[in-house]
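Counting from 1, one number per residue, gives the positions in the sequence shown under my numbering.
Think of the hints as simulated: they come from the structure by calculation, not from any bench.
Every residue gets a Cβ at the ideal spot worked out from N, C-alpha and C, and that includes glycine.
Please note that a few of the clues may not be correct.
[Stated by the list, open to error] The calculated lysine-lysine pairs, modelled on BS3-like cross-linking and capped at a C-alpha distance of 30 angstroms, are:
1) Lys-324 - Lys-260
2) Lys-260 - Lys-203
3) Lys-276 - Lys-324
[Said to hold, decoys possible] What follows is a set of in silico ranges between Cβ atoms, one per label pair, in the way DEER data are often shown:
4) Glu-323 - Glu-49: 41 to 47 angstroms
5) Gly-313 - Asp-4: 27 to 33 angstroms
6) Asp-121 - Arg-201: 21 to 27 angstroms
7) Arg-201 - Thr-172: 20 to 26 angstroms
8) Ser-48 - Gly-282: 44 to 50 angstroms
9) Asn-5 - Gly-114: 19 to 25 angstroms
10) Asp-110 - Glu-49: 29 to 35 angstroms
11) Asn-281 - Asp-250: 49 to 55 angstroms
12) Gln-259 - Glu-92: 25 to 31 angstroms
13) Leu-55 - Arg-157: 28 to 34 angstroms
14) Lys-203 - Gly-10: 41 to 47 angstroms
15) Glu-129 - Leu-55: 23 to 29 angstroms
16) Ser-217 - Pro-127: 43 to 49 angstroms
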Amino acid sequence: MKDDNYRGVGWAHGALTVQRLGAMLAPVTFVLADGRQVSPMHIAPWSSEPATEALPGILRKLRGEWPCVPFGYSVPAEGWSENWARVMGPPEPDEEVHGYSSNHDWTWRDSGSGSLSLVLDYPQGSPVERVERTVRPDPSAPAIDIEFRIVVRRACRLPIGLHPVFRLPFETGAAALELGGFDEGRTYPHDVEPGAALFARNKTFFELTSVPARAGSAIDASRLPLAADTEELLQIDGVDGEAALANHEDGYRVQLSWQKEHFPSLLLWYSNRGRKAAPWNGRHVAVGIEPICSPFGLGPATALADNPIAQSGIATALEFSPEKPFVTRYRIEAFAL
Numbered sequence: 001m002k003d004d005n006y007r008g009v010g011w012a013h014g015a016l017t018v019q020r021l022g023a024m025l026a027p028v029t030f031v032l033a034d035g036r037q038v039s040p041m042h043i044a045p046w047s048s049e050p051a052t053e054a055l056p057g058i059l060r061k062l063r064g065e066w067p068c069v070p071f072g073y074s075v076p077a078e079g080w081s082e083n084w085a086r087v088m089g090p091p092e093p094d095e096e097v098h099g100y101s102s103n104h105d106w107t108w109r110d111s112g113s114g115s116l117s118l119v120l121d122y123p124q125g126s127p128v129e130r131v132e133r134t135v136r137p138d139p140s141a142p143a144i145d146i147e148f149r150i151v152v153r154r155a156c157r158l159p160i161g162l163h164p165v166f167r168l169p170f171e172t173g174a175a176a177l178e179l180g181g182f183d184e185g186r187t188y189p190h191d192v193e194p195g196a197a198l199f200a201r202n203k204t205f206f207e208l209t210s211v212p213a214r215a216g217s218a219i220d221a222s223r224l225p226l227a228a229d230t231e232e233l234l235q236i237d238g239v240d241g242e243a244a245l246a247n248h249e250d251g252y253r254v255q256l257s258w259q260k261e262h263f264p265s266l267l268l269w270y271s272n273r274g275r276k277a278a279p280w281n282g283r284h285v286a287v288g289i290e291p292i293c294s295p296f297g298l299g300p301a302t303a304l305a306d307n308p309i310a311q312s313g314i315a316t317a318l319e320f321s322p323e324k325p326f327v328t329r330y331r332i333e334a335f336a337l
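Please put together the full structure from these sequences, using the hints given.
Set out below in structure tokens:
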């Protein structure tokens, strides 16, 4: 019997695979201009291990890149500073981490040769009717163009995000995040993972090379992987719609570009051996470079409230209308260093 949980596309400059679960994109192999093959997208080390079926959908085969509607997950307000706690609350009974789209099997659609297309219908009670995604390699380059569409049943506001996760080299500091200019960066206003904090809580910064540290002074958060075992998030506001990861160990740069009018912030997820519980087991090393319209990943209720990021003039939720489907496009491309 044919396994239709995965489909792939090959082209002159590479090969890619998409899985139905979460519509996640990976593995991806790009053939660079100098003939070398590189695979920049991350695949979680437990994804082929037995007994993953008990995990939430998003974790079972965690890999690569996928869209999140709505983005984030609500957390209780206990222990947070007052300006955050007043807009936060517990998760809704049916809430899933990074939304329904991240945790369920999508359905393949006809898309013509040279591309893959999927659709996912949402539960009847959701304001979202369905989401659609088309992954199309660029026939002339080691690059992938992605179109993502949201159709809603009724007018609503939601936090949304894209979730590319990239593989990192083994050697500490052998890769570099390249963001260009940005308006302001923010450290997480609590602990992402108890006992694995690295950055000072709820601080602002203007250079990724100088992020306030929990132990005082500052840390260069641009060089990866980090030396410390940590699990952290940084929100970068006012990025110009482009970011890259230069992997100096493997000699390539992978670049992500997106429509900044849809995603005014960039969330950087530093997963650096900080989570010790299963299935992470202190072995997960990757970086998420995630265009978002959201306050970190703090869930719909916080995103819709007058949270501190929204107060600063940065949108943390988008308006959706049943009269006009939302469509956004973005691109992942690789270059030789």
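Here is what the structure says about each hint:
no.	hint	result
1	Lys-324 - Lys-260	holds (19 angstroms)
2	Lys-260 - Lys-203	holds (23 angstroms)
3	Lys-276 - Lys-324	violated (44 angstroms)
4	Glu-323 - Glu-49: 41 to 47 angstroms	holds (46 angstroms)
5	Gly-313 - Asp-4: 27 to 33 angstroms	violated (46 angstroms)
6	Asp-121 - Arg-201: 21 to 27 angstroms	violated (40 angstroms)
7	Arg-201 - Thr-172: 20 to 26 angstroms	holds (24 angstroms)
8	Ser-48 - Gly-282: 44 to 50 angstroms	violated (19 angstroms)
9	Asn-5 - Gly-114: 19 to 25 angstroms	holds (21 angstroms)
10	Asp-110 - Glu-49: 29 to 35 angstroms	holds (34 angstroms)
11	Asn-281 - Asp-250: 49 to 55 angstroms	violated (25 angstroms)
12	Gln-259 - Glu-92: 25 to 31 angstroms	holds (29 angstroms)
13	Leu-55 - Arg-157: 28 to 34 angstroms	holds (30 angstroms)
14	Lys-203 - Gly-10: 41 to 47 angstroms	holds (46 angstroms)
15	Glu-129 - Leu-55: 23 to 29 angstroms	holds (28 angstroms)
16	Ser-217 - Pro-127: 43 to 49 angstroms	holds (45 angstroms)
When each numbered hint is compared with the structure, violations occur for hints 3, 5, 6, 8 and 11.
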